[in-house]
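Protein chains: 2
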Amino acid sequence: MDAVQKRRVRLVDIAADAGVSRATASLVIRNVPTVAETTRKRVLKSVKRLGYVYHSGAASLRTQQSNAVGLIVSDITNPFFAEASVAIEERLAAANYVTLLGNTSEDRVKEDRVLKTMREFPAQGILICPALERDASGGASALADRLPIVSFARRAPGLDYAGVDNAQGAELAVEHLYQVGYHRIGFIGGNPNSSAGRERLEGYQRALARSGLQFDPLLVIPSAPTRRGGYDSVQRLLQIEDRPTAALCFNDVVALGVVEGIQLAGLKPGEDFGVIGFNNIPDASYGVPSLTTVDTSPRQLGETAAELLLKRIEQPDSPTRTVILQPRLIVRESCRGRT
Amino acid sequence: MDAVQKRRVRLVDIAADAGVSRATASLVIRNVPTVAETTRKRVLKSVKRLGYVYHSGAASLRTQQSNAVGLIVSDITNPFFAEASVAIEERLAAANYVTLLGNTSEDRVKEDRVLKTMREFPAQGILICPALERDASGGASALADRLPIVSFARRAPGLDYAGVDNAQGAELAVEHLYQVGYHRIGFIGGNPNSSAGRERLEGYQRALARSGLQFDPLLVIPSAPTRRGGYDSVQRLLQIEDRPTAALCFNDVVALGVVEGIQLAGLKPGEDFGVIGFNNIPDASYGVPSLTTVDTSPRQLGETAAELLLKRIEQPDSPTRTVILQPRLIVRESCRGRT
DNA sequence: TATCCTTAATAGATCGATCTCATCATGGCA
DNA sequence: TGCCATGATGAGATCGATCTATTAAGGATA
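Top line first, the protein sequences correspond to chains A and B.
Going by the numbering used here, 285 is the number at position 285 of the first sequence; the sequence numbering is gapless.
Going by the numbering used here, 42 is the number at position 42 of the second sequence; the sequence numbering is gapless.
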């Protein structure tokens with residue numbers, strides 16, 4: 001079986017086989033053009049013959065570049081983050097980085113543990129969507145001056161940030177609801193412990209004010225950012241005596257739950273009750289009814305975040321950068337107006 | 001700004017500061033108990049004073065253990081894989097491994113590229129859900145004898161495998177549909193290029209035969225494993241002249257799409273038309289109607305797969321292992337029977 | 001022919017940890 | 001007192017690549 005304990009084939013073995021020095025073999029491997037064509041061919045032949053496998057870990061030590069970047073997500077089960085993560089991974093791979101994945105499940109303790117592991121790895125930089133309950137002392141923020149870190153989707157003090165203009169998005173949505181005839185509008189699913197939740201709530205309130213509508217705290221129902229969360233919350237919302245006729249939802253998944261909750265209550269979504277979501281996930285674009293939503297394009301957000309990190313890795317001492325993407329409203333069937 | 005180019009603090013610096021050798025400092029860092037208490041304290045004080053950060057990359061080189069494991073997923077946007085990935089990441093983290101993420105988007109070329117990167121990293125092992133279109137020559141399978149690799153959810157020849165008894169699950173579902181009165185049953189969304197698709201189709205056919213139903217190829221509609229896929233497919237299915245009264249779906253996401261498609265056609269899901277999904281994702285457990293589904297527990301699958309990999313890393317030369325989880329049917333409202 | 005360049009290849013140090021093996025106290029015991 | 005087991009520490013080699021500085025071999029130029 002393992003009678004011949006086959007040792008790893010190293011560069012020095014290639015060098016010996018091809019009759020050159022390690023340095024030359026290394027040059028060939030890395031496609032440095034200063035090597036004579038005949039030598040190059042000879043080395044490559046040895047590489048093939050001996051079945052050499054490059055060891056980037058060893059190279060990392062010498063070059064001081066691990067080519068690894070950490071991606072810390074609060075919940076990759078959330079379609080928004082899943083999409084963003086795919087984009088991030090793609091962009092990083094294109095830049096020749098490997099992505100280290102860490103899922104925190106919104107747990108600060110796990111977040112800190114993951115940060116530590118990645119820092120020690122050592123990752124050359126970190127992309128993080130900070131877990132909820134962020135108090136003043138930021139686990140990630142504290143590392144900002146030692147390690148390139150970019151936050152995305154949720155702000156963290158002192159870090160580069162790639163996000164969406166949440167307030168603006170919420171305003172667009174509420175204004176649209178108002179225009180098509182919904183005048184008592186709730187807000188479902190925002191979590192006040194995330195900047196995204198706060199910003200959307202803020203936009204919601206601003207738009208209400210601008211439309212001359214009264215803000216009613218009863219109509220604001222925080223919930224888990226899941227379908228179930230929306231489903232449950234809207235039921236509560238419908239029990240209020242002067243009940244709302246429409247709702248802005250924290251995200252599309254919540255909105256889908258809300259749509260179902262409305263149907264259960266015997267109301268027609270998009271007519272009796274208007275619904276607008278956030279993010280424009282694939283599932284939003286069809287269905288009965290299809291979902292009017294604020295497009296935050298998770299893919300683009302992911303790319304932007306990755307881009308920011310790559311820049312910061314290049315220039316660790318540049319001033320903090322923030323990129324805010326402008327959302328746009330995508331009007332579909334879930335808020336056609338009161339009949 | 002960077003006037004004082006602050007060099008990394010290394011173990012040798014700690015050693016010097018604490019007046020011990022690197023070896024001793026190393027022992028302290030690793031919590032090896034043979035160090036005298038006074039020495040340990042002295043070293044730890046230096047660690048804190050100088051702000052030492054462990055460099056596991058360097059350690060990896062020496063110990064020949066990178067503590068990194070690759071996770072290659074065909075599409076992490078799919079809730080099933082997202083859930084499984086979370087479980088995998090958690091299990092691996094518990095075993096002190098970092099997870100390298102690779103998303104292939106069902107692209108074999110990208111899969112091969114990712115495999116190469118991870119192998120060179122070098123990852124100590126790989127968990128992979130192979131991309132579709134797998135022909136005889138398996139990119140991952142070919143590496144099996146050089147690197148611990150475990151496939152999950154979809155089989156790959158020659159690799160350890162953690163999966164679900166898909167045929168059995170499909171049988172349970174079809175038999176249930178038959179029992180509650182649906183006698184013309186379609187199969188939506190299976191992809192014949194994945195073992196999971198083939199196995200479920202096989203179980204579907206077996207159950208039909210056992211129930212004395214005729215197999216009709218017209219009722220089998222492959223599609224993308226997305227909500228949209230189910231939504232579109234069921235429309236096609238309903239245009240068949242002798243149209244089916246129920247459908248087994250490749251997964252819950254497809255089933256959700258199917259439910260919507262049925263509603264659009266003016267049929268009542270769960271009554272006029274029975275629907276059963278696969279996987280039991282969180283979204284299945286409520287809604288109108290809630291989804292009857294074959295529970296394949298992605299979390300458990302992920303854990304099992306991770307477990308298999310950890311075992312193989314320990315014993316690289318052990319014979320190929322396969323773990324098949326038994327699914328169970330979760331009966332909800334989407335197939336209450338014909339009225 | 002002597003000198004200077006250019007090109008191709010190399011020797012040796014280096015990245016930051018861990019491992020092996022040797023050394024030196026120390027204390028228990030005959 | 002002398003011997004040995006045990007505990008605590010250190011010197012130097014090592015993991016597998018890359019970097020720096022240098023050399024050797026031709027070719028062109030004067």
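Hint data in this document are derived by calculation from the structure and do not stem from the laboratory.
Mixed in with the good hints, there may be bad ones.
Note: identical chains are not told apart, hence a pair may lie in one copy or across any two.
Said to hold, decoys possible - In the DMTMM-like style, the derived pairs of lysine to aspartate or glutamate whose C-alpha atoms are separated by at most 25 Å in a straight line are: (1) K268 x D232; (2) K110 x D232; (3) K41 x D17; (4) K311 x D107; (5) K116 x D17; (6) K268 x E333; (7) K311 x E202; (8) K110 x D242; (9) K48 x E120.
Just so it is clear, the structure is predicted and the values come from calculations on it, not from any experiment.
- Query: When no copy is named, should K311 and E202 be tagged within, between, both, or neither for a Cα gap of at most 25 Å?
  - Reply: For K311 and E202, the Cα distance exceeds 25 Å both inside one copy (31 Å) and across copies (51 Å).
- Query: Using 25 Å as the alpha-carbon threshold, which applies to K41 and D17: within, between, both, or neither?
  - Reply: For K41 and D17, only the intra-copy Cα distance (13 Å) is at most 25 Å; the inter-copy one is 50 Å.
- Task: Please work out whether the CA atoms of K268 and E333 approach to 25 Å or closer within one copy, between two copies, in both situations, or in neither?
- Result: both (11 Å within a copy, 21 Å between copies)
- Query: Given identical chains, is K116 near D17, meaning Cα to Cα at most 25 Å, within a copy, between copies, both, or neither?
  - Reply: Cα proximity of K116 and D17: across copies only (24 Å, versus 42 Å in one copy).
- Quick one: K48 to E120, C-alpha cut-off 25 Å, is that within a copy, between copies, both, or neither? between (34 Å within a copy, 15 Å between copies)
- Item | Copy assignment of K110 with D242, given that the CA separation must stay at most 25 Å | neither (43 Å within a copy, 55 Å between copies)
- Between K268 and D232, at a C-alpha cutoff of 25 Å, which is it: within one copy, between copies, both, or neither? both (17 Å within a copy, 23 Å between copies)
- Task: Give the relationship of K311 and D107 under a CA distance limit of 25 Å: within one copy only, between copies only, both, or neither.
- Result: So K311 and D107 fail the 25 Å test inside a copy (29 Å) and across (28 Å) alike.
- Identical-chain pair category, K110 with D232, by Cα at 25 Å: neither (28 Å within a copy, 41 Å between copies)
Consistency with the previously given hints fails for numbers 2, 4, 7 and 8, ordered from lowest to highest.
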